[in-house]
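Each step along the sequence shown adds one to the number in numbering that gives the first Met the number 0, with nothing skipped, and position 248 is 247.
Since the hints were made in silico from the structure, they are not lab data.
For clarity, every value in this text was computed on a predicted model and none was experimentally measured.
Idealized CB from N, CA, C, for every residue including glycine.
Just so you know, not all the hints are guaranteed correct.
Distance ranges between label pairs, derived from CB positions [claimed, not checked]:
hint : residue 1 : residue 2 : range
1    : Arg123    : Glu31     : 42 to 48 Å
2    : Val230    : Arg98     : 31 to 37 Å
3    : Ser71     : Phe228    : 33 to 39 Å
4    : Glu155    : Leu81     : 55 to 61 Å
5    : Glu155    : Ala88     : 16 to 22 Å
6    : Val30     : Asp224    : 27 to 33 Å
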Amino acid sequence: MELSESRKVVLVLAGGGSKGAVEVGGYRALVELGLPIDSIVGASIGAINGALIASGIGVTDLVELWQKVKFSDLFAFNRRLLWSPSTAASLYENRKLRRFLDPYLPARFEELLIPLTIIGTDLRTGQAVLLERGTLMDAILASVAVPGLLPPVMIEGREIVDGGLVNNLPLDVAAKKGARLVVAVRCGCRRPLGRAPQGLLGILSRSFDIGLDSRSQCELEPYKDQTRFVVFEPCLDENISLLDFTHSAELIEIGYQFALNELRALASESFDLF
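Starting from the given sequences, assemble the full structure and let the hints guide the process.
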């Protein structure tokens, strides 16, 4: 369904690793309440969820996909670390992630049912890159390429890494596209841990989590006259790391209930969502 420009709705999906399951719950609530989505902007795990939604996957299938996924389905240890660690670009390879996603996605952006913008970071310049055309899988793998964990991806002569490094909740990108309503899902609010994380992965995960949080705020003042922003930001268990996919069912339900309650509250206040 195509809406007029005055009703343009953009869905923004943030980075957050395994906590991206929250976005699935939020999207389920939007579908149940009948809010149409005209465009999607995603960073990091939000790029994966955004691509799946834009490809036309049903809510039930998306939920099932998240509930069955395991760490071992997505990450393959980079064997180069064993024989040439100085030349290894990352701890993990992205071949398993590519293989896992490939059956669900078209080859190119142009084949998606909903326009999608994926956020990446140019490793050389440190600037945000908007990926909107060409090979979809390369853009996704670039946007989730957490430095040190997954390798950069070469796109049009540039090495691209995780989009969350520069704009983890790209509300401004959606606003610049002329959105009248931006609905965003952020993968939890930041709270202090009960204790410091242990081990390499735990420390890397927590460090990146802090970095994502600090980059989730952007300057929105110039757009507030033309755009309404609705951001779902449920607080999550601080002990769930970005690489722990064993809590997906719980996180989906949290995201669903939080978004449903927020949307109903807005409707009761005569907030014009529809």
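Evaluation of the provided hints:
A C-beta distance of roughly 43 Å is found between Arg123 and Glu31, which places it inside the suggested range of 42 to 48 Å. The supplied range of 31 to 37 Å is met by Val230 and Arg98, whose beta-carbon atoms lie about 33 Å from each other. Judged by the Cβ atoms, the range 33 to 39 Å given for Ser71 and Phe228 holds: they are separated by roughly 38 Å. For Glu155 and Leu81, the hinted distance range of 55 to 61 Å is not satisfied, since their beta carbons lie about 32 Å from each other.
Between Glu155 and Ala88 the Cβ separation comes to about 19 Å, which falls inside the hinted range of 16 to 22 Å. Our hint of 27 to 33 Å for Val30 and Asp224 holds, since their Cβ atoms are close to 29 Å apart.
Checked against the numbered hints above, the structure violates only hint 4.
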